[in-house]
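Trainee: What follows is each chain in one-letter form.
4 protein chains.
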Amino acid sequence: MAQAIGATHWIIPDGYIPPTSSGELESHESVCVLNCGTEAAKLEFTIYFEDRDPIEHMEYIVPGRRTKHIRTASLSAGGESIPKGVPYAIQVTSDVPVIVQYSRLDSTQAENALMSTLGYPIR
Amino acid sequence: MAQAIGATHWIIPDGYIPPTSSGELESHESVCVLNCGTEAAKLEFTIYFEDRDPIEHMEYIVPGRRTKHIRTASLSAGGESIPKGVPYAIQVTSDVPVIVQYSRLDSTQAENALMSTLGYPIR
Amino acid sequence: MAQAIGATHWIIPDGYIPPTSSGELESHESVCVLNCGTEAAKLEFTIYFEDRDPIEHMEYIVPGRRTKHIRTASLSAGGESIPKGVPYAIQVTSDVPVIVQYSRLDSTQAENALMSTLGYPIR
Amino acid sequence: MAQAIGATHWIIPDGYIPPTSSGELESHESVCVLNCGTEAAKLEFTIYFEDRDPIEHMEYIVPGRRTKHIRTASLSAGGESIPKGVPYAIQVTSDVPVIVQYSRLDSTQAENALMSTLGYPIR
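Protein chains in written order, with the working numbering: chain C, 604 to 726; chain Z, 604 to 726; chain L, 604 to 726; chain V, 604 to 726.
Wrong hints could be hidden among the right ones.
No distinction is drawn between identical chains; accordingly, a pair holds when it is met within one copy or between any pair of copies.
In silico DMTMM-like pairs for lysine to aspartate or glutamate, Cα to Cα no more than 25 Å straight-line [as the list claims (entries may be wrong)]: (1) K687 with D656; (2) K645 with D698; (3) K645 with D656.
If you're looking for bench data, these hints aren't it; they were derived computationally from the structure. Quick caveat: nothing in here was measured; it's all calculated off a predicted structure.
With the sequences and hints as input, model every part of the structure.
Mentor: Dropping the structure here:
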């Protein structure tokens, strides 16, 4: 069962990279992508903001039969990356179907907090 | 790809604004809305309660190709806003398709807690 | 817009009432139900366990145009209620469409932890 | 109403077993499965990684009209189990329809953090 499954277009409205960390773990977000097919998935991220134009064409490859838990802070395009401490939203498109989940670890205060949700698939 | 996507009617059954905060962050909820299209989205919130009639016609605008992470405490209609410490539920309608996620930061105790879920789209 | 919306059959696989609490808030779960229609919704809960037969026919009424955030510990049928500290799963059926979300506050340790998810609608 | 409901193929992209624990509770993940039908459900887990081939054919039985909250650390196949501290993704297939939710308790730091989401059903 190595066929591509899921959807090629996903949305996560609540993106936010906490600006500070404390304790043992660093605050971060992960966009977790599973590619069940044998071909590599070419992802493209668009980052939407409250009061400026989107950052487009952030690219990422997920090899076949692999998952990647992508730190949003690691994405960049044209020298731009996602600023910390700013509300934003995420669009992911892929050339083959994948499944997308979003999780955030917030360690602004001494102990960590977690949240997670599946992305919203566009069909 | 600047077409409007998502749904025009969303439900979040578990709304609650924690009445107290401690530590560095204030307890709050955000209704995170992404408008991928070029036209502004005119939102209308209805707030349902356990033992009184709903608050209707709370309006909010999300410009085209923008996201807004809307603090529920900032909404109002006819001089009414959502009381703290009371269980309620949220209905969001929009004149163009959008995608809706709900997140809550609870800092009632010294360290913060997070929860998040996509809204439930009505089709 | 007072028509009934959502689904009449919902599943939440991960139910658990934490047996202990500390700090200011008590550990608890809420099944949050929104009834957008004008007629009352007659709910019926079935509670499934790992190693015994289900508890059936736990009833609850959600009036029209109201939400109820139902503490699972408050449900009972035939003198039985849901035991604390035991993994279980929840089925909710309703005679009219409603929307269902599940949230848990765990204050086993000194600070609270939150999780939430929409229920899974059966169509 | 003892018929099998849900789906036979589920995906959870964000799997991670925290390597450390502190305080009273141990860090762990649960894949919570509800089998509403009368026949036992034969599950098969496939575990995908970032940089190695998947672990396949991890089996688990959920009896009829029962739920199982399955610790991912308890799964094994051919002497292999899921390593701690490594990002991975989960595929669950079942011979009869079931409903799947994923939850994680992280007690890396002194207080616990929780996250939960329904699995993504493949139809």
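Trainee: With reference to the structure, classify each hint as holding or not holding.
Mentor: Verification of the hints:
1. In this homomeric assembly, K687 and D656 come within 25 Å of each other (Cα to Cα) only inside a single copy, at 17 Å, whereas the closest approach across copies is 34 Å.
2. In this assembly of identical chains, K645 and D698 lie within 25 Å of each other by CA distance solely inside one copy; the values are 6 Å within and 32 Å between copies.
3. Proximity of K645 and D656 under a CA criterion of 25 Å is satisfied in both settings, with 23 Å inside one chain copy and 19 Å between copies.
The structure agrees with every numbered hint stated previously.
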